Amino acid sequence: MQAYIAKRCLLFIPTLLLATLLVFFLLRVIPGDPALVKLAGETGDASFTQAELHDLQAKLGTDKPLYVQYGKWVWGLLRLDFGQSMYFEDPVAQDLADKFPITLELTVLAMLIATIIAVPLGLVSAIKQDTPTDYIARIISITGVALPNFWVGILIVYFLVLFFAWMPPLGYANLWEDPATNLQQFLFPALALGFFEMAFTARVTRSSMLEVYREDYTRTARGKGLAERVVILRHALKNALLPVVTVSGFQFGRLLAGTVVIENIFMIPGMGKLLVDSVFHRDYTEVQAIVVVITVSVLILNLLLDVIYGWLNPRIRYA
Amino acid sequence: MVQESSSIPVSSGVPVRGLMPTGVIWQHLNRFARRKPLGAFGAVIALFAPFIATHDPAETNAALVYAPPGSQLLLGGDQLGRDVFSRLVYGARVSLYAGLLSAFIGASIGMVVGVASVHFAGKTDLIVQRIIDTMMAFPPLILAIAIMAALGASLNNVVIALSVAYIPSAARVLRSQALAVKEMDYILAARAIGAGHGRIIFRGMIPNCLALYIVLVSVFLGTAIVAEATLSFLGIGVPPDVPSWGGMLNGAAQTYVHLAPWLGVFPGLAIAIVVFAWNLLGDALRDVLDPRLRGTW
Numbered sequence: 006m007q008a009y010i011a012k013r014c015l016l017f018i019p020t021l022l023l024a025t026l027l028v029f030f031l032l033r034v035i036p037g038d039p040a041l042v043k044l045a046g047e048t049g050d051a052s053f054t055q056a057e058l059h060d061l062q063a064k065l066g067t068d069k070p071l072y073v074q075y076g077k078w079v080w081g082l083l084r085l086d087f088g089q090s091m092y093f094e095d096p097v098a099q100d101l102a103d104k105f106p107i108t109l110e111l112t113v114l115a116m117l118i119a120t121i122i123a124v125p126l127g128l129v130s131a132i133k134q135d136t137p138t139d140y141i142a143r144i145i146s147i148t149g150v151a152l153p154n155f156w157v158g159i160l161i162v163y164f165l166v167l168f169f170a171w172m173p174p175l176g177y178a179n180l181w182e183d184p185a186t187n188l189q190q191f192l193f194p195a196l197a198l199g200f201f202e203m204a205f206t207a208r209v210t211r212s213s214m215l216e217v218y219r220e221d222y223t224r225t226a227r228g229k230g231l232a233e234r235v236v237i238l239r240h241a242l243k244n245a246l247l248p249v250v251t252v253s254g255f256q257f258g259r260l261l262a263g264t265v266v267i268e269n270i271f272m273i274p275g276m277g278k279l280l281v282d283s284v285f286h287r288d289y290t291e292v293q294a295i296v297v298v299i300t301v302s303v304l305i306l307n308l309l310l311d312v313i314y315g316w317l318n319p320r321i322r323y324a
Numbered sequence: 104m105v106q107e108s109s110s111i112p113v114s115s116g117v118p119v120r121g122l123m124p125t126g127v128i129w130q131h132l133n134r135f136a137r138r139k140p141l142g143a144f145g146a147v148i149a150l151f152a153p154f155i156a157t158h159d160p161a162e163t164n165a166a167l168v169y170a171p172p173g174s175q176l177l178l179g180g181d182q183l184g185r186d187v188f189s190r191l192v193y194g195a196r197v198s199l200y201a202g203l204l205s206a207f208i209g210a211s212i213g214m215v216v217g218v219a220s221v222h223f224a225g226k227t228d229l230i231v232q233r234i235i236d237t238m239m240a241f242p243p244l245i246l247a248i249a250i251m252a253a254l255g256a257s258l259n260n261v262v263i264a265l266s267v268a269y270i271p272s273a274a275r276v277l278r279s280q281a282l283a284v285k286e287m288d289y290i291l292a293a294r295a296i297g298a299g300h301g302r303i304i305f306r307g308m309i310p311n312c313l314a315l316y317i318v319l320v321s322v323f324l325g326t327a328i329v330a331e332a333t334l335s336f337l338g339i340g341v342p343p344d345v346p347s348w349g350g351m352l353n354g355a356a357q358t359y360v361h362l363a364p365w366l367g368v369f370p371g372l373a374i375a376i377v378v379f380a381w382n383l384l385g386d387a388l389r390d391v392l393d394p395r396l397r398g399t400w
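Here the protein sequences come in this chain order: A and B. In terms of our numbering, the first sequence opens at residue 6 and continues consecutively. In terms of our numbering, the second sequence opens at residue 104 and continues consecutively.
Think of the hints as simulated: they come from the structure by calculation, not from any bench. Just to be clear, a hint being listed does not mean it is correct.
So the derived label-pair ranges between C-beta atoms look like this [claimed, not checked]:
(1) A/Pro-184 / B/Thr-358: 26 to 34 Å
(2) A/Tyr-9 / B/Arg-233: 16 to 24 Å
(3) A/Glu-233 / B/Asn-259: 52 to 60 Å
(4) A/Lys-12 / B/Asn-259: 38 to 46 Å
(5) B/Arg-233 / A/Arg-320: 20 to 28 Å
(6) A/Ala-102 / B/Ile-230: 34 to 42 Å
(7) B/Phe-305 / A/Phe-53: 44 to 52 Å
(8) A/Ile-121 / B/Pro-343: 37 to 45 Å
(9) B/Ala-298 / A/His-59: 49 to 57 Å
(10) B/Trp-129 / A/Arg-227: 46 to 54 Å
Please read all numbers here as calculations on a predicted model, not as lab measurements. C-beta: ideal position from N, C-alpha, C; glycine also.
Turn these sequences into a full structure, and let the hints steer you where they fit.
Encoded structure:
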């Protein structure tokens with residue numbers, strides 16, 4: 006098991022470096038020189054002198070060769086220094102320290118809601134295969150996959166206003182300081198965000214449960230006279246949940262990405278809202294930093310999942 | 104696993120020379136339309152929607168600002184008095200253009216990368232797989248937003264951004280298929296007679312990965328339509344003057360959703376119905392083309 010964990014961790018480092026390289030070149034090479042973009046202004050036709058360009062290039066460091074810029078940037082990342090925001094001209098690290106916990110809370114809440122509803126839904130759907138219960142569960146999950154999360158968000162706001170004349174409180178209340186207001190603010194965004202994953206997880210649970218249901222060990226469990234409840238919960242569900250764990254890494258990534266939309270609808274001042282605002286401001290350092298933070302979060306979660314998976318499933322560990 | 108019998112040679116591992124003949128395609132379409140009427144209906148609606156508009160989607164009319172749905176405007180008017188119905192119909196073009204093209208380009212590049220990586224094997228495969236692995240860590244929407252940040256808002260940039268976002272998963276899925284195809288006798292035979300890399304990849308391996316490729320395109324299509332709408336909704340996709348479903352949900356549709364709910368309801372409904380129909384189409388295609396995957400979802 007130790008060897009397995011060590012191998013996973015070693016693989017993690019090159020992947021991380023490659024990820025930073027991809028982000029850097031994606032954002033630095035395609036648009037050309039950020040200094041030019043900044044001087045050209047919002048409309049792209051503001052006038053400036055050659056000297057001003059040189060000064061700004063020197064300030065932003067874009068006059069150096071690309072590999073030097075990349076090296077400096079990665080060295081900064083290692084010390085959690087994400088550079089200066091090109092628009093707000095304050096340290097990006099401070100922005101991220103403020104916004105990341107908000108986005109993380111929204112993501113975790115959405116994941117909790119999705120999993121708590123999805124697993125029983127998929128389970129019931131599989132046990133009662135081809136009955137009206139199954140059809141209803143399947144309709145819920147197919148609709149969930151087809152509805153874009155921003156539309157679900159808009160509809161939730163609409164129905165809350167229409168039926169309850171109520172809107173989630175504006176602004177942001179810290180979870181630890183004012184949990185009641187915080188939950189009022191986050192519950193509905195998390196529902197809108199988690200709806201798709203709920204549908205998706207329910208489908209995965211259903212299909213893997215149906216598969217496990219036909220396995221020999223399920224028949225054996227039943228054959229030795231165990232109660233159906235024990236067969237389902239102890240023998241079948243435990244194995245059926247393995248694929249659910251596998252997809253949860255992707256789900257976490259998708260949810261993090263989904264917060265971009267949901268935070269913009271519900272006016273939550275998190276990282277997703279900052280990302281869209283930064284795209285509008287053409288603030289490359291900020292965009293770059295947020296993309297790296299999201300990607301590294303996904304990578305770390307995948308690493309954790311690999312370890313958990315190896316622990317749950319010995320066949321993987323020794324392969 | 105039970106291997107179901109199929110009339111299509113692709114899934115039984117027998118080589119296919121070139122594409123399927125037209126007759127076979129019609130036969131499949133016909134069977135598909137009978138088996139999955141809703142999927143076929145969705146495809147027809149999606150393809151012919153652009154020809155049903157009643158007004159100019161850009162025509163503003165002060166008298167029709169926030170006009171409720173009814174006799175004057177079928178689905179009501181928006182904040183500038185433009186016809187929501189006509190904008191929806193024209194928005195279908197944007198949606199399908201971005202969806203079809205990016206699903207097609209993303210899956211195609213992904214297929215070539217995945218198949219070539221298997222063919223060249225060894226170090227090439229290892230390096231390509233590491234890069235794909237890393238790209239998979241970027242949530243597709245975040246990757247697309249980053250690319251849009253670099254390129255700026257326009258319809259074709261949306262297509263580029265989404266295509267790139269689909270490459271890694273297409274390469275991953277088709278790689279697994281290519282691994283199986285590579286071991287087939289006919290690839291061995293092609294190598295034995297000294298066929299070049301290009302011939303083995305494009306004439307030997309890719310035609311035998313096409314079934315999975317078509318399924319993948321149809322799966323991507325549904326998500327690409329949602330992704331385009333999401334980008335346009337955020338204001339970083341299609342420019343605001345072009346009618347698009349996502350863009351229609353932005354701004355006034357959100358702020359005035361309680362006063363003019365039709366602004367928020369209909370575009371979302373359009374997205375949901377089209378995506379739902381394409382998903383059904385994808386499921387149906389998968390059943391027809393790759394019976395091994397039948398019933399797994």
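Q.
If you test the structure against every hint from before, which numbers come out violated?
A. none
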